[in-house]
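K.L.:
Given two chains presented individually in distinct reference frames, assemble the corresponding complex, making use of the accompanying hints.
Line by line, the protein sequences give chains A and B. For the first sequence, the working numbering gives the first residue as 1, with consecutive numbering after it. For the second sequence, the working numbering gives the first residue as 312, with consecutive numbering after it.
A couple of the hints might just be wrong.
[To be verified] Quick list of in silico lysine-lysine cross-link-like pairs, DSSO-like style, CA-CA up to 27 Å:
hint, chain 1, residue 1, chain 2, residue 2
1, A, 94, B, 338
2, A, 218, A, 229
3, B, 497, A, 4
4, B, 391, B, 338
5, A, 81, B, 375
No lab work stands behind these hints: they were computed from the structure. For clarity, every value in this text was computed on a predicted model and none was experimentally measured.
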Amino acid sequence: MKCKYDNNYIIAYNEGQLPDAETEEFKEHVKTCDRCAKKIIFLTYTENYFRQDIEGKHTIADNVMASIDNSRYSKNTILTKATVIINRNKSVCKTVFPVTAAILLAVLVLRYNSLIIDMKDNFVASIKQIEIYKEDKPDNNSETQNEANVRINETFSVQDFLEGKEFVFAGLPVDIEENDVINKYGKPQIYHSGESFEDRAYTDNSIISYFGVDINNKVKNLKVSNYYKGSSSKGIKINSSKEDLLEAYGSPDYVYENENTNEETYYYGENERYFIFHLENNCINSMGWLVDDDNHYISMKLDANIIKYNK
Amino acid sequence: MNLYKQKNIDAVLVEKALKGDTEAFSKLVHKYEYKLYCFLYKITFSKEDAEDLCQETFIRAYNKLYKYDDRWAFTTWLYKMAINVSNNSYKKKKHSTCSYDEVPDVQCDLNDLPEIAFEIKDNRKQFFKLINSLSFEQKTAVCLRYFHDLAYKDIGHIMNISQDAARMKVQRAKNILCEKLDQLIKKGVI
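Looking at chain B on its own, in the form it has when it is part of the complex (with noise of 0.2 Å):
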């Protein structure tokens, strides 16, 4: 299906929530929960903090569904909206410990170089305390730019940013990844 019939079915459906059509707005939730969450837990290193702020944001994107602009993705205008929302939560400092032991493995092609893939599976507690040390903005430009597949110019208009400011965001964040990973080396912690 592509993005255009995408766009117009959530459009509709969203047409039809205005209506008081709850069944319709269900079908949206369904539909973009899995996403959302995988989205927020990528963030927040933390099941409960990803499952409250994604209920949070479908909680908020109903009650401001008039606000939506069938233009963009309903997506595009999700994302927003969890953006806010987790923003918004990390300004109060209300999250939970991250658990970096439930992470999931990350599946990693290292075929050239077999002996620094065993290391690393050693570290990974190691190297999601670095990826988590990015501030929530890095994180969110990093996030939407590989899980998302999204361009520069959307992840942009997600963040209420430049393409070019979303650009160096990304940069900026594998530049400090790689610093911090230099003083671990030193530290000969890796």
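So here's chain A without its partners, still in its complex pose (with noise of 0.2 Å):
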């Protein structure tokens, strides 16, 4: 005759489970099968294989202490001491510390708000200075590579600059403002007041690497670096040499040289305008407008001698 009863029922019973009448028609059950019973001894067997002590003695402690650095604690360390306390300590510790983190943290922000706002800005710019240095190189975003081939492809007009026509230059137009550049390119890293001018300067990467504005945050002056690619009408552009400059816009109204390699070329137009070519090693390597308004600026220059009236 086949066994009814599955192992689940035989566990149950071996551990004692089952309601007293069914304890006892298994107990009669077992009496007559084989397997049954075979099984339910051999779980009491493996429970009190798991259950008994082992006769004899084993020590091991001989072993044990030699083998152990003696001196670990004696020397009790703060280290030491700070782990016991925190690990006895774990369910305060837990809720200590992030409070006393967010309290320090709300410290330091209500404390140095300004700094932090200025560090955040920073970042900020400095991230956009990196997106313009990859809009440089194009890429299969549409909206990045229209505005990388505008600097590429731009093409100024130096003359329509110094007869006060109408003038776009790095994508910007001349009349613009303080924020329209720092919205376009970031926020510059260096701020320098004068009493009548101020300085804005990029250090790395980004299109434009100089701006300086009057107290009404009107934009003076703009120069470009040397990542700017796009060229005049007559072809000069980053790295042109100083021979084709020369040779497009002739020999410029006023000139600076210095002892070293560098020279600036000033080529002066109506309304005070001024468009500047940086030469190093006799190449172009930045260039730039200015709109002198108040004369105050070139004047300033050629009384220090800084640059020469070159005509």
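P.N.:
In structure tokens:
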């Protein structure tokens, strides 16, 4: 006859989990079922195997004590003490640490609020610069591609600027304000305040390297860096030679030469407008425009003999 | 001596050991070496392995003593460590051959079924093989349940599993033993 009891039932019996009536019934069954009897015995045997102590003395203490570093805790370092205290107060520490950290953070934020805002702005500015630099390398994003093309293919007319006509340079018109530059190129890293003129400079990787503003935040002077890819209508661009420059635009109105290899050439136009090419080793490494409304900037430089009248 | 006092005595010994009193740690080793050895022997079926693992467990316990949290019994912490040490040893297959002949006889009260009791005595080696065929975790759970009479909650804490998972491990181990015994019965081995 086939046995109707499965393993779970046998285990339940062995653990004494069956009701009395079923226990008695199963006991009777076991007397005639060799398979169930063997399983009951084997389960009891297994339990007893694990339950039973092992006779004999096993001393490993001597080996253990000979193997440990006896001086490990005699030094009783501050680190050990701290670890013991933290371990014993884990539940308290779990609450205290985050709360303390939150309070410290709040204090720092309140105390150094302006510093944090500056840091944030600088961070945002640096991110924007990186984005601009990326734009110089065409990618699949159409919007970025268009922006990059403006700079790569942008053609500006120095003559238009000098004659006071409509003029766009580095994607910006002449009558821009400080915020226009910042919105387009991010916040500059260097600020310098003068009496009537304030300098703004970008440190690296930006198309714009420098601009100066007047007291009304109107940009008076804008200079591009050697990341700028546009060219003038006469084909002059970054890295063009001095020879090509002079051939295209003739001799400059003002010139600045220092003892090294730097040189600045000023082309003067109407309404105190100047277009300036900066040369290094006889090659253009930056350029920009200046609208010297009050004739203060150029006069100052002439007075100080920084630039010289060339004609 | 109740558990609370026991726990307190162990905590004091740990405290002293942490202040550099190695004699205090020696007392802890003497106190628990036998129980720990038995536990490890029942899992490994090897005297050599049990001794090695026991020794390694105490050495590691001493080195990590500063991490002991006295809200728990010292034995709970010690067994946790023993299981980790043994588990690593199993993973590295650093265990010796089991010697079933050396395993002491298991006392079994079988007055109701003397014939079968006789058969079992003849098959003790087969039974030990069956028990040893359980996974390391299953053997550990069953051993903690019966050797130390621990509640499933405590077994779960030592093995880093839930109370229900601990109960399932013991239940599953018993099921596997019954299934394997069935196969041996069908083959006529037992």
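K.L.:
Can you list which hints this structure breaks, lowest number first?
P.N.:
1
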